[in-house]
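K.L.:
Chains as they are written, first to last, in numbering that gives the first Met the number 0: chain A, 0 to 324; chain B, 0 to 270.
For the record, the hints were derived by calculation from the structure and aren't laboratory data.
The beta-carbon is built from N, C-alpha and C at its ideal position, and this holds for glycine as well.
Do not rely on the hints blindly, as some may be mistaken.
Quick list of in silico lysine-lysine cross-link-like pairs, PhoX-like style, CA-CA up to 20 Å [claimed, not checked]:
#, chain 1, residue 1, chain 2, residue 2
1, B, K37, A, K134
2, A, K216, A, K226
3, A, K137, B, K104
4, B, K37, A, K283
5, A, K226, A, K21
6, B, K104, B, K37
7, A, K216, A, K21
8, A, K273, A, K283
9, A, K273, A, K226
10, A, K21, B, K104
11, A, K215, A, K21
12, B, K39, A, K134
Cβ pair distances, simulated, as ranges [what the hints assert, rightly or not]:
#, chain 1, residue 1, chain 2, residue 2, range
13, B, R183, A, P275, 51 to 57 Å
14, B, F38, A, E224, 52 to 58 Å
15, A, E114, B, E43, 31 to 37 Å
16, B, A162, A, D27, 54 to 60 Å
17, A, A113, B, E151, 16 to 22 Å
18, B, R183, A, N42, 17 to 23 Å
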Amino acid sequence: MDATNFLAIDASGLVKHFGDTKAVDGIDLAVPRGMIFAILGPNGAGKTTLMRMLATLTAPDAGRATVMGHDLLASPQDVRASIAMTGQFASLDDDLTGRENLILLARLWGFKGAEARGRADELLARFDLADAANKQVKAYSGGMRRRLDIAASLVVTPGVLFLDEPTTGLDPTARQGVWQMIRTLAAHGATILLTTQYLEEADQLAERIAVIDKGKKIAEGTSRELKAATGSGFLHVALSDPARIGEASALLEARLGATVQRDGDGTALSAMAKTPEAATDALKAMLDAGIQVADFSMGSPSLEEVFFALTSEGSRRDRQVEANR
Amino acid sequence: MSEVGVTISQAPLRAVERPRAASPFSNALAFGWRAILKFKHVPEQLFDLVMTPIMFTLLFTFVFGGALAGSPGEYLQFFLPGILIQTVIFNSVYSGVGLSTDLGKGLFDRFRSLPIWSLAPFAGLMVGDILRHVIAGLIILTIGLLLGYRPEAGIPGVIGAFALLIAIGFGVGWIFMVLGILIRTPTTVMTFGFTFIFPLVFASNIMVDPATMPDWLRAFVDVNPVSAMTTALRGLMGGGVTLGEIGLALVAPVLLTLILAPVTLLLYRRR
C-alpha cells in the first residue's frame with residue numbers, strides 16, 4: 000500500500016490568513032487510517048481553522064491536502080462524500096426533533112423514505128436517544144445534543160470523522176460519555192481527527208497528538224513520545240511556605256536552567272531536571288536558602304507540563320527572533 | 000434522562016455505505032420538507048409575519064381611509080393589493096434574519112460539508128418563503144374580504160395576483176439572502192432590512208395616489224419598482240391589467256435574481 004492509500008489525511012504547508020492574522024501558518028499533517036488523532040492547542044491556536052480547511056468549509060490560501068485520497072481543492076465533492084464533521088457549535092436544527100434532524104440528513108445522503116426513517120431510528124437507538132426522538136432538539140441537554148450531533152455525523156460511515164472540541168462545555172459525566180463513544184467508534188476502525196484544548200482529553204483518547212500554537216505545529220507524536228521529548232525527569236516541589244514561591248522559582252530556574260511552572264494552587268513548582276544530580280543540587284540549594292520543602296518527587300511530566308514547556312519554548316524563540324531584528 | 004453511564008451500544012457499529020447519491024431535485028425537496036416542518040414546530044412565526052400587515056390594514060383603512068379616499072370601504076379597495084406587496088417584501092426580511100440565525104449556529108457548516116447540490120439549502124429556504132408568502136397573503140386577503148374588499152377580477156385575478164406575489168417574493172428574497180450571509184447578527188439584518196425597505200414601501204403608490212406628492216418625490220415614486228409591482232397587482236385583482244404592467248412589475252425581481260443568485264452562491268461557498 001502506498002502512502003496516499005495508507006493516510007486518511009495528508010496535508011502539507013496549509014496556510015490560512017484572516018486579514019493580518021495568520022490563523023494557520025504552514026501546517027503539515029499526516030494522519031494514518033484507523034487512528035484517533037488529536038490536535039491540541041490553546042484557544043485561537045488555529046485548530047478549528049485547520050479542521051475547517053480539511054472539511055472543505057474554508058479554502059486554504061496556500062498548501063495542499065488529500066483526504067481519503069481525494070484532493071481538497073480539485074475534488075471537494077469527493078472529500079465531502081468521505082468525511083463527516085461535528086462542529087464546535089451544535090450543527091443541528093433546534094426547532095426540529097432529533098428524529099427529524101437525522102431523517103433530513105439521511106435523505107440528503109441519498110436514503111429514500113422508509114430507509115431514511117429506518118436509519119434515523121437505528122442511530123437514535125444506538126445513541127440512547129430513542130426516548131427523546133420526538134422532542135425538539137432545543138429541549139435536549141448538552142450531553143444529548145452532543146450525542147445527536149455525533150450520530151448525525153454517522154448517517155453514512157465516514158472515512159474520517161472530524162470532531163471539533165467534542166467535549167467543550169459538557170459537564171464531567173457527559174464528557175466521559177462522549178469519550179466512551181469516541182473510543183467505541185475507534186474500536187470499530189473509524190479514523191477520527193479531533194481538536195481539543197484539554198490535555199487530559201488528548202492523553203486519554205489519542206494515539207497521536209499534534210501540538211499547535213499560533214498557527215504552527217510545534218510538536219507531534221504519541222503522548223509518551225511528547226513526554227519523553229521534554230525530558231523524562233521532571234522535578235515537582237511543594238513548598239511549606241507559599242509566600243516564598245517567587246524566591247524558590249528563581250532559584251530552581253537558575254540551578255536547572257529550565258522554565259519553572261507554577262501549579263494551580265500556587266504552592267507547588269515543577270521544572271525539567273536533566274539529571275537526578277541536578278535535581279538534588281537544586282533541592283539542596285533551596286534548603287540552604289532556608290526554604291522549607293513539604294514534598295518533592297521526580298517523575299515523567301504530565302502532558303500539561305509538556306504543553307507548557309513546548310509553548311513557552313515557542314514564545315521564548317519568538318522573543319529571541321524579535322530581539323535579533 | 001440521566002447522563003450517567005450513557006454509552007453507545009458496544010455491539011459492532013454497522014458500517015453503512017453511502018447509497019446512490021440523491022439528485023439535486025431530491026436534495027431541494029429534503030430542504031423543502033425542513034421548511035414545512037418549521038411551520039409545524041414554530042407556528043408562531045406566522046404571527047410575526049401577519050401582525051404588521053393586519054395592523055397596517057386596519058389603521059390605514061379606518062384611521063386614514065375616510066380622509067384619503069372618501070370612505071374606509073373605498074380606501075380598502077385601493078389599499079389591499081398594495082398591502083399584499085408590502086407583506087411579501089417584509090416577509091423576505093424575516094427570511095434573511097432566519098438565514099443569518101441558521102448560519103450563526105453552525106447548522107450550515109454541516110450542510111456545506113455534505114456531498115449535495117450546494118444551492119439545495121437555498122432552494123429549501125425559497126420553498127419556505129413561498130409558503131410563507133402564500134399563507135400570509137391568504138390571511139390578509141381573508142381579512143380584507145371580511146372588511147368588505149371585493150376583487151373585481153374574481154378568482155382568476157386573485158390566482159394571477161398570487162403568482163405575481165410569489166415571483167416578487169422570490170426576487171426580493173435574494174437581497175435578504177445576501178444580507179443574511181454577510182451580516183452575522185440577525186437583529187442587524189432586521190434593522191438594516193427595514194431601514195432600506197420602509198422608504199421603498201412608503202415612497203410608492205401602495206398607500207396613496209402620488210398625485211399630491213412634491214415633484215421630486217413623485218419622480219422617485221414613478222421609478223420605484225414597488226410602484227410598478229403595486230400597479231400590476233391592482234390591475235390583476237381589480238381587472239384591466241396590461242401585459243406591459245406585468246412586465247414592468249417583473250423587471251426588478253428578474254434582475255435581482257439574475258444578479259444576486261450567483262452572488263449568494265459565491266458568498267456562501269466562500270464563507
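K.L.:
Run the structure past the numbered hints and jot down the numbers of the failing ones, going up.
P.N.:
When the structure is compared with the hints, numbers 4, 5, 10 and 17 turn out to be violated.
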